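S.K.: In order, the protein sequences belong to chains A and B. Numbering (the working numbering) for the first sequence: 1 to 131. Numbering (the working numbering) for the second sequence: 1 to 119.
Calculated from the structure, these hints are not laboratory results. All values derive from a computational prediction rather than experimental measurement. Among the clues, some could well be false.
Stated by the list, open to error - Taking lysine-lysine pairs in the BS3-like style, the calculated list, with each CA pair at most 30 Å apart, reads: (1) B:30 to A:13; (2) B:30 to B:72; (3) A:67 to A:104; (4) A:88 to B:110; (5) B:30 to A:16; (6) A:15 to B:30; (7) B:110 to B:72; (8) B:2 to A:15; (9) B:72 to A:16; (10) B:72 to A:15; (11) A:16 to B:110; (12) B:110 to A:13.
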Amino acid sequence: MAEQQATPGGGAKTKKFMFVNRKAPYGTIYALESLEVVLIAATFDQDVSLVFIDDGVYELTRGQQTKDIGIKNFSPSYRALEGYDVEKLYVDRHSLEQRGLSEKDLLVPVEVLDTEAMAELMEQQDVVLSF
Amino acid sequence: MKFGLLVSEGPYTHQASDSAYQFAVAALAKGHEIQRIFFYHDGVNNATRHTEPPRDDRHIVNRWTALAQEHKVDLVVCVAAALRRGINEAVLAPGFRISGLGQLVDSGIKADRLLVFGG
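Let's have the full structure, built from the sequences with the hints guiding it.
M.R.: What follows is the structure, encoded as structure tokens:
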């Protein structure tokens, strides 16, 4: 029996992609190169979500100033994600609190989740890429 | 099963390249398919033909080349990550090709499992 499946994106398979960001933005290249994958994944019409956990929460903090360290401030790109239909941004509550941060310190609207809800969300994914 | 692999750390510095290679060999021996191996971050350093380890050590780059030749495994190096680290067509070892991040997303879509080595 043939299975009927909705196939958005011109018949291509849609999968749930989750990008887990765990590193501070400028100490290593992981945050920047993760964002580059996210922007590409968005063009493939996939169901993309981003998670910020551990020092990854610093990637979203407001008022980043990188002039003195000579590295490009790429944080405005997170604001552009909406234009790519990437609107599911989740932040780990414990990671925020540990660092004395709250939702109002962040430059984009996010959903703050407890560990349990985060685990549940990860469980639902087809592809989890951790950076 | 159809596996996609992502190698996200440099050879010799990190075990990611070794683990990914060992996994690929074991999976192929069991009759699974390696749909693609994608090299990102410092993982792009797996693809330079100038690699010359001491003679008594494993040759990580030649090992990848042999895997590509014997099993037709698609070894893809991210162009943006490669160029920023000085890896281009001129230094590319046989068996590798340079392409875009779309190839990684494509692996996520087409493979049954996408495994991350490193990170």
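S.K.: Against this structure, judge whether each hint is valid.
M.R.: Checked hints:
1. B:30 to A:13: Roughly 27 Å separates the two Cα atoms, so the pair holds.
2. B:30 to B:72: Measuring from Cα to Cα gives roughly 16 Å; hence the hint holds.
3. A:67 to A:104: The given pair, whose Cα atoms are some 24 Å apart, holds under the 30 Å limit.
4. A:88 to B:110: Measuring from Cα to Cα gives roughly 23 Å; hence the hint holds.
5. B:30 to A:16: Status holds; Cα separation ~28 Å.
6. A:15 to B:30: 27 Å, holds
7. B:110 to B:72: With a Cα-Cα distance of about 17 Å, the restraint between residue 110 (chain B) and residue 72 (chain B) holds, given a limit of 30 Å.
8. B:2 to A:15: 16 Å, holds
9. B:72 to A:16: Holds, at about 29 Å.
10. B:72 to A:15: Holds, at about 26 Å.
11. A:16 to B:110: 13 Å, holds
12. B:110 to A:13: 8 Å, holds
No hint from the list above goes unmet by this structure.
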